[in-house]
Amino acid sequence: MEFTHQPVLLHECIEGLNIRPDGIYVDGTLGRGGHSEEIVKRLTTGRLIAIDQDQQAIDEAGVRLAPYGDRVTLVKDNFRNVARILDNLGIPGADGMLFDLGVSSPQLDDASRGFSYMNDAPLDMRMDKSAPLTAWDVVNIWPEEELKRILRDYGEERFAGRIAGQIVRTRTEKPIETTGELVEVIRRAMPAAALREKQHPAKRTFQAIRIAVNDELGAVEDMIRTAPDKLSPGGRLCVISFHSLEDRIVKNGIAARENGCICPREAPVCTCGFVQTLRSVTRKPIVSGEAELSQNPRARSAKLRIAERVSG
Numbered sequence: 469m470e471f472t473h474q475p476v477l478l479h480e481c482i483e484g485l486n487i488r489p490d491g492i493y494v495d496g497t498l499g500r501g502g503h504s505e506e507i508v509k510r511l512t513t514g515r516l517i518a519i520d521q522d523q524q525a526i527d528e529a530g531v532r533l534a535p536y537g538d539r540v541t542l543v544k545d546n547f548r549n550v551a552r553i554l555d556n557l558g559i560p561g562a563d564g565m566l567f568d569l570g571v572s573s574p575q576l577d578d579a580s581r582g583f584s585y586m587n588d589a590p591l592d593m594r595m596d597k598s599a600p601l602t603a604w605d606v607v608n609i610w611p612e613e614e615l616k617r618i619l620r621d622y623g624e625e626r627f628a629g630r631i632a633g634q635i636v637r638t639r640t641e642k643p644i645e646t647t648g649e650l651v652e653v654i655r656r657a658m659p660a661a662a663l664r665e666k667q668h669p670a671k672r673t674f675q676a677i678r679i680a681v682n683d684e685l686g687a688v689e690d691m692i693r694t695a696p697d698k699l700s701p702g703g704r705l706c707v708i709s710f711h712s713l714e715d716r717i718v719k720n721g722i723a724a725r726e727n728g729c730i731c732p733r734e735a736p737v738c739t740c741g742f743v744q745t746l747r748s749v750t751r752k753p754i755v756s757g758e759a760e761l762s763q764n765p766r767a768r769s770a771k772l773r774i775a776e777r778v779s780g
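Residue numbers 469 to 780, in this note's numbering, belong to the letters of the sequence shown in order.
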């Protein structure tokens, strides 16, 4: 089997992890296995823990990583549970962790998964196919005010009220069953001028519903709260985000562990009890260069933040 998909910010992630051949590393979002393969290539006696909540990703990436034998441990779970996963494996600390928070290209390109507004498919959008909540539930059951809230907060959709209202009016006549039907509902709700804009009119709505279905922001909050405590001193945390809400959570989570002292500036010593546990390796997020963007336009919104565990 040949793999041609290029993972986002691959070189920057590998450099940021500062990989030791005998270290223990976590890829919390395995996807198609591109990042994982580059990590495990650099290990000799080390070990990679590769996590994904999508069984299809586990199966397909497992084939890719099979040549590396027992250097790789595959775990089907949500990356938000990384601390518990390491505890269950008897691993007290990792030397590096990578989290790519984007939807993987295979998920987007598989029309049957319902992530894309470019193909007609059942309303699903679950990253974990065994999860109970689907996009159908959100679109056809959630109250209008809740729909408006997620479109506004998760999608930053300026026509959130109009779209939520149109969804509710449409579903009172018959359920909205497919992504294609939802796109048409969104088009009917938006003013003509907005439909002429370069961005697809359904992009923000689909993003918001996907985030809600998979509780993506809650997962990021759980991860950034617990993962640093499972890093060994000197271990690196690398997180790639794809929209401002994720990046804000990651940025604030790192800052709270780096500059969380609340003592007055004039205080001679810290008395609030703050202990620094992270140090930013990069003050500003790393973004893709033109060469990568020419090969992978989906990388345009990617931001990589890197932090290092300090003794605390």
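Some hints here could point you the wrong way.
Claimed, not checked - Calculated lysine-lysine pairs in the DSS-like style (CA-CA distance at most 27 Å, straight line):
1. K671 - K642
2. K597 - K616
3. K616 - K666
4. K597 - K642
5. K544 - K597
Calculated directly from the structure, the hints in this document are not laboratory data. Just so we're clear, the structure is a prediction, and the values are computed from it rather than from any experiment.
Structure-based check of all given hints:
1. With a C-alpha separation of about 23 Å, the suggested pair K671 and K642 falls inside the 27 Å cut-off, and the hint holds.
2. Restraint check for K597 and K616: satisfied, since their Cα atoms lie roughly 26 Å apart, inside the 27 Å limit.
3. For the suggested pair K616 and K666, the alpha carbons sit about 23 Å apart, so the restraint of at most 27 Å is met.
4. Among the hinted pairs, K597 with K642 is consistent with the structure: their alpha-carbon atoms are about 25 Å apart, no more than 27 Å.
5. At roughly 12 Å between alpha-carbon atoms, K544 and K597 fall within 27 Å of each other, so this suggested pair holds.
Every hint from the earlier list agrees with this structure, and none is contradicted.
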